[in-house]
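J.: So the chains spell out like this:
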Amino acid sequence: MRTYRQANWSEPLIFELGSPGRLGITLPELEDEVKKVVGGVKIPESIKRVKPPNLPELSEVEVTRHFTNLTQMAYGVDNGPVPLGSCTMKFNPRIAWDLSFNSGVDKLHPLQDERTVQGLLEVMYELQKWLANIVGMDVCTLHPAAGAHGELTGVLVIRKYHELKGQLDRKKEIIIPDSAHGTNPASAAMAGFKVIEVPSGSDGNVDFEALKSVVGESTAGLMITNPNTLGLFEARILEIAELLHKYDALLYYDGANLNGIMGYARPGDMGFDIAHINIHKTFSSPHGGGGPGSGPVCVKNRLVDREKGIYLSDLLPGYIVVYDEEKGIYRLKGPGPHSIGLLKSFFANTIPLLWAYVYIAIMGPQGLRKVTEHSVLITNYFAKLMNGVRGYDIPYGKGRFRKHEVVLSAKPMADEVGVTAEDVAKGLLDAGFYAPTIYFPLIVKEALMTEFTETETPENIERYVERLKEISKIAYENPSKPKEWPLNTSVGRLDIVKANHPKYVAPTWRVYMKRLKGELK
Amino acid sequence: MSLDMTRYIYNFNPQYEHKRVSCLENHPWIPSLTRDQVEKILRVIGVGDISELFNDIPASIKLTREQWEKLDIGFGKPISEIEAKRILHGKLSKNTTLKTPPFMGGGVYPHYVPPLVKYIISRGEFLTAYTPYQAEISQGLMQAIFEYQSLMAELLEMDVVNASMYDWGSAAAEAVLMSLRVNKGRTKVILPANMNPYHRKVVESYTWPHGVKIVYAPFNRETGGVDVEELKKLVDEETAGVYLQYPNFFGVVETDAKAIGEVAHEKGALFITGVYPIALGLLKSPGELGADIAVGEGQPLGLGLNYGGPYLGIFATRFDMNLIRQMPGRIIGLAESHRGERGFAMILQTREQHIRREKATSNICTNEALMAIAAAVYLSMLGKNGLVKLAEINYYRAHYAWGKMRQAGLTVDLFKWDFFNEFPVSFNEQGVKYSFIHEKLLERGLHGGLYIGDHYPELGETALFAFTEVHFKEDIDLLVESLTEITRRG
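The listed protein sequences correspond, in order, to chains A and B. Quick note on my numbering: the first sequence kicks off at 1404 and runs consecutively. Quick note on my numbering: the second sequence kicks off at 4 and runs consecutively.
These are calculated hints, taken from the structure and not from any lab test. Keep in mind that this is a model prediction, so the values were computed, not measured. Beta carbons are placed, not taken as given, at the ideal position from N, Cα and C, and that holds for glycine. Treat each hint with caution, since some may be false.
Distance windows between CB atoms, simulated [stated by the list, open to error]:
#1 B:Lys43 with A:Ser1883: 36 to 44 angstroms
#2 B:Arg342 with A:Gly1424: 33 to 41 angstroms
#3 B:Arg184 with A:His1904: 21 to 29 angstroms
#4 B:Asp59 with A:Pro1602: 50 to 58 angstroms
#5 B:Asp239 with A:Arg1468: 36 to 44 angstroms
#6 A:Ala1613 with B:Asp59: 38 to 46 angstroms
#7 B:Arg184 with A:Lys1917: 21 to 29 angstroms
#8 A:Asp1435 with B:Glu484: 43 to 51 angstroms
#9 A:His1904 with B:Pro118: 35 to 43 angstroms
#10 B:Asn29 with A:Gly1821: 41 to 49 angstroms
#11 A:Gly1424 with B:Glu265: 35 to 43 angstroms
#12 A:Arg1518 with B:Asp59: 48 to 56 angstroms
#13 A:His1904 with B:Ser83: 32 to 40 angstroms
Straight-line alpha carbon distances no greater than 20 angstroms define the calculated EDC-like cross-link-like pairs of lysine to aspartate or glutamate that follow [claimed, not checked]:
#14 B:Lys362 with A:Asp1501
#15 B:Lys94 with A:Glu1460
#16 A:Lys1801 with A:Asp1581
#17 A:Lys1597 with B:Glu484
#18 B:Lys102 with A:Asp1509
#19 B:Lys97 with A:Glu1642
#20 B:Lys443 with A:Glu1517
#21 A:Lys1886 with B:Glu344
#22 A:Lys1730 with B:Glu442
#23 B:Lys387 with A:Glu1460
#24 A:Lys1703 with A:Glu1642
#25 B:Lys436 with B:Glu395
#26 A:Lys1730 with B:Glu446
#27 A:Lys1439 with B:Glu477
#28 B:Lys387 with A:Glu1419
#29 A:Lys1901 with B:Glu344
#30 A:Lys1917 with B:Asp323
#31 A:Lys1451 with B:Asp323
One-sided excerpt, in silico: chain A residues whose CB lies under 8 angstroms from chain B [what the hints assert, rightly or not]:
#32 Gly1427
#33 Ile1446
#34 Ala1548
#35 Ala1644
#36 His1741
#37 Leu1745
#38 Val1914
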């Protein structure tokens, strides 16, 4: 086993660096003529800042070193496997960085005349079309900034659909499986719906009988991901769609797990009406330590009102790129009278979308299907190697093949020797791996939700399995040892309880200093 | 459609076409693709072919390889990096190259982005990381985000800043929703009529399902600012929050900001301010004005215009647990390890969707963390004096343009109160449509201001012009000369 040691620079906070009077940037001097014409700053006293902001003063040298050192105490896909389940942490090719971040789009204002951005609009138009084909839908908007933002878009569209049909007074519930991402119920609540949870059966799929018992006249829609968070394909999806549509409820597809079926099945063909796509998962734009993402939403062009000629796509928010045949130019179509409006100020997260364009272009349909095949292949390889390893279990859907991810449970180990999923995670960090998503989905005790994606080499999967076996061995031999992990990361295990304690909690340097000076009320 | 999607493909050595299929047995982004690897793994799993792993997909919806590959996706075939580069450059070259950055703001602005900012956020350890769920191996990332929160806190003089929202509009919408949670039972929110109309639309979309009564407070036609006396008539015990944007959409400095906050507080409503962070080099901070929540757009702090995103939604509150518990978004806080080292951890997570599900304060998960780090790098470079100097450059450049336009006889004094770096120019007197002016400017390689007559019909043929440190004196002179010539010829 290779040994891993993360850098530890004991890097001071930016506020503890620098010296008064230092500057990290050169700024132009104002032209004499400009100074003469303006005379001076005439902002009235009532709103004029007297005390400059208390920002640290550093040279560019110090800023560069500080942030470079900080990067060395972080870990991304560029360092090694990041098998966070449902996060699809695949490789982020640098060619796409080059063609998105260095494309000149950083100079384009979102309200600039459409005729001056024809090249970009053409690219975005094609991307809309490609994405629609990938998910089997009719119309896409690139507007939403993230997956959860796409979900909010989707449930607001569901709300608008029922409002336009005059049935919102009874369509009050959104059904969500208990294995769903936390964003699903949160989005449904933000759209003013009541959340109805349905349980999963032992096969890992939605319990169809239980679903039947909750679907009814008050059902506005269903939010579901397929494959689900257990990595299992919802085999009865067609029956589910039929059931929901019988009550005029809409089906929402959470695209977080698209990497498990791309090229093999499309939400549009499964009966879904609305789907979001996570550009920063399936289409390789980097996650940036938490964002930016991009969450395009695509819909089937279902008729909403025959008389008025309203279609589901008329309800979409934001801007859609359309081609004006008559003038021969691309245009940005803003929200119309039935649209749910704007969910962010302007067009879309263009940079990640350009990234996706490059990725899809280079992959082609053949490559995208291979992506799915290999993400599934790698997952099942991992699951097979983990089969029967002491301390772990793979609950739900015994004997079924997984798609893009698999959820291990450390429950046997936790029950037998008290070593938990969290301890296992820290043990993985010590070997230079990132840990899987832990304690999720909620229906699996001591969950280790693992998604390697097609990015991972079989050798790394084997090393990862070896480490999980080693952790298990240590756990059964010396159960107190894992509690000391991690030892090889830049700091040891953090005291989360203390970090959240009202007497300690410090979300900023400002609060920390106020507390030290006793100024905090 | 006239565009031939396959045109580009044929520019590239068609004699190698047959090799494209074989390249899929070896792609740089899928290491397990080689035949040996596949065979070995399949043997271990115990299946004969990869397709068996997809047998649980109902046949009626399962795509064959042929069906899938016929779909219009990409260029129909895998292509190389070189080809992708050539195609994209070819397409993007159809964007118009302007002589100067656009004289346009309206919420996002052309500003200078130092290469160091871009360099730091391009480093793989940050760029390719996920949300730091595993704290111990992500300390550098968490420290950078904590520093963003802390630098922003100093700029705003607010205590608590979250790790970011999508942009200003969505941050303003979340602030309004938060005011309704904090003031539970109240159903009314007051927004100023001179706030950014795009932000306004976002607030309307977010609040629509919750039966919120949005009341628009009029602005004073003389000063351009919110009228305190008019506002007083609207704020009552039903009001959960009062929003104020400063500088407002017209660029006008809201001189009575403090009084507006007091009006809100008198009735127990939260005072929410929306800010342009660079203006805070010259304007009083939200904290000093008594704001309960501050939101804003971080784009001017080291991000490009990016044609709509990614941007950086700023979100901050005072240190009051009643407010903090209702705050949306992720927060990184100081922590200590069991070994006694200083560290950083995600804190106050019981507000968030992954724990609270439908009871969460927001559904936000992926945010704009990398953009927050960009802002942290930029604010660190500027420091306290740099920020003030930058604000002054913006102020002076815009006031120079204002003075020059006034000398040229253009109508620039729509409002009496001072402005920061943006002001409306009206062409009503000249009797020309702004679209005509815009067209003529474009012919000269200049992009003029943002037409606002559609949002404010009472202002007629009026456009909002913005000026920053990237608009030099000669750029402004060129604009003013062009405007003078265009309006003279009419």
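J.: Take the hints in turn and mark each one as holding or not.
T.: Taking the hints in turn, this is what the structure says about them:
1. For the pair Lys43 (chain B) and Ser1883 (chain A), the beta carbons lie near 39 angstroms from each other, so the given range of 36 to 44 angstroms is met.
2. For Arg342 (chain B) paired with Gly1424 (chain A), a C-beta distance near 37 angstroms keeps the hint of 33 to 41 angstroms intact.
3. Separated by about 23 angstroms at the C-beta atoms, Arg184 (chain B) and His1904 (chain A) satisfy the suggested range of 21 to 29 angstroms.
4. Checking the proposed 50 to 58 angstroms range against Asp59 (chain B) and Pro1602 (chain A) shows it is violated: the Cβ atoms sit about 20 angstroms from each other.
5. Between Asp239 (chain B) and Arg1468 (chain A) the beta carbons are some 55 angstroms apart, a value that contradicts the proposed interval 36 to 44 angstroms.
6. At about 20 angstroms, the beta-carbon gap between Ala1613 (chain A) and Asp59 (chain B) misses the expected band of 38 to 46 angstroms.
7. Evaluation of the 21 to 29 angstroms hint for Arg184 (chain B) and Lys1917 (chain A) yields a pass: the beta carbon distance comes to about 25 angstroms.
8. Asp1435 (chain A) and Glu484 (chain B) have their C-beta atoms about 19 angstroms apart, which leaves the hinted 43 to 51 angstroms range violated.
9. The supplied range of 35 to 43 angstroms is met by His1904 (chain A) and Pro118 (chain B), whose beta-carbon atoms lie about 41 angstroms from each other.
10. Our hint of 41 to 49 angstroms for Asn29 (chain B) and Gly1821 (chain A) holds, since their Cβ atoms are close to 46 angstroms apart.
11. One distance hint, 35 to 43 angstroms for the beta-carbon pair Gly1424 (chain A) and Glu265 (chain B), holds here, with the actual separation near 37 angstroms.
12. Between Arg1518 (chain A) and Asp59 (chain B) the Cβ separation comes to about 50 angstroms, which falls inside the hinted range of 48 to 56 angstroms.
13. At about 55 angstroms, the CB distance of His1904 (chain A) to Ser83 (chain B) disagrees with the hint of 32 to 40 angstroms.
14. Proposed proximity of Lys362 (chain B) and Asp1501 (chain A) is contradicted: the alpha carbons are some 41 angstroms apart, above 20 angstroms.
15. With a C-alpha separation of about 43 angstroms, the suggested pairing of Lys94 (chain B) with Glu1460 (chain A) is violated against the 20 angstroms cut-off.
16. As the CA atoms of Lys1801 (chain A) and Asp1581 (chain A) are separated by approximately 19 angstroms, the hinted pair is consistent with the 20 angstroms bound.
17. For the given pair, Lys1597 (chain A) sits about 60 angstroms from Glu484 (chain B) by alpha-carbon distance, which is inconsistent with the 20 angstroms threshold.
18. A threshold of 20 angstroms between alpha carbons decides the hint, and for Lys102 (chain B) with Asp1509 (chain A) the separation of about 16 angstroms falls inside it, so the pair holds.
19. With a C-alpha separation of about 48 angstroms, the suggested pair Lys97 (chain B) and Glu1642 (chain A) falls outside the 20 angstroms cut-off, and the hint is violated.
20. Between Lys443 (chain B) and Glu1517 (chain A), the direct Cα distance comes to roughly 16 angstroms. Compliance with the 20 angstroms bound is thereby established for this hinted pair.
21. Only pairs whose Cα atoms come within 20 angstroms are accepted, and Lys1886 (chain A) paired with Glu344 (chain B) is accepted, the gap being roughly 17 angstroms.
22. Between Lys1730 (chain A) and Glu442 (chain B), the direct Cα distance comes to roughly 16 angstroms. Compliance with the 20 angstroms bound is thereby established for this hinted pair.
23. Pair hint Lys387 (chain B) plus Glu1460 (chain A) holds up; C-alpha atoms about 7 angstroms apart against a cutoff of 20 angstroms.
24. Taking the CA atoms of Lys1703 (chain A) and Glu1642 (chain A), the gap is about 18 angstroms. The hint holds against a cut of 20 angstroms.
25. Between Lys436 (chain B) and Glu395 (chain B) the CA atoms are separated by roughly 33 angstroms; this puts the pair beyond 20 angstroms, and the hint is violated.
26. For the proposed pair Lys1730 (chain A) and Glu446 (chain B), the alpha carbon gap of about 18 angstroms is at most 20 angstroms, so the pair holds.
27. Note on Lys1439 (chain A) and Glu477 (chain B): the hinted pairing holds, with a Cα-Cα distance of about 15 angstroms set against a maximum of 20 angstroms.
28. Between the alpha carbons of Lys387 (chain B) and Glu1419 (chain A) the distance comes to roughly 14 angstroms, so the proposed pair stays at or under 20 angstroms and holds.
29. About 13 angstroms separates the Cα atoms of Lys1901 (chain A) and Glu344 (chain B), which keeps this hinted pair within 20 angstroms; it holds.
30. About 13 angstroms separates the Cα atoms of Lys1917 (chain A) and Asp323 (chain B), which keeps this hinted pair within 20 angstroms; it holds.
31. Proposed proximity of Lys1451 (chain A) and Asp323 (chain B) is contradicted: the alpha carbons are some 26 angstroms apart, above 20 angstroms.
32. Restraint check, Gly1427 (chain A) versus chain B: the minimum CB separation of about 3 angstroms is within 8 angstroms; hint holds.
33. Annotation: interface hint on Ile1446 (chain A) holds; nearest CB of chain B at approximately 5 angstroms, less than 8 angstroms.
34. A hinted interface residue such as Ala1548 (chain A) counts as satisfied when its beta carbon comes closer than 8 angstroms to some beta carbon of chain B; here the least separation is about 4 angstroms, so the hint holds.
35. Look at Ala1644 (chain A): its Cβ only gets to about 10 angstroms from chain B, farther than 8 angstroms, so that hint breaks.
36. Residue-level restraint check for His1741 (chain A) is violated (minimum Cβ-Cβ distance to chain B is 13 angstroms; threshold 8 angstroms).
37. Interface hint status for Leu1745 (chain A): upheld, as the beta-carbon distance to the closest one in chain B is roughly 4 angstroms, under 8 angstroms.
38. A distance limit of 8 angstroms between C-beta atoms decides the matter here; for Val1914 (chain A) the minimum to chain B is near 5 angstroms, and the interface restraint holds.
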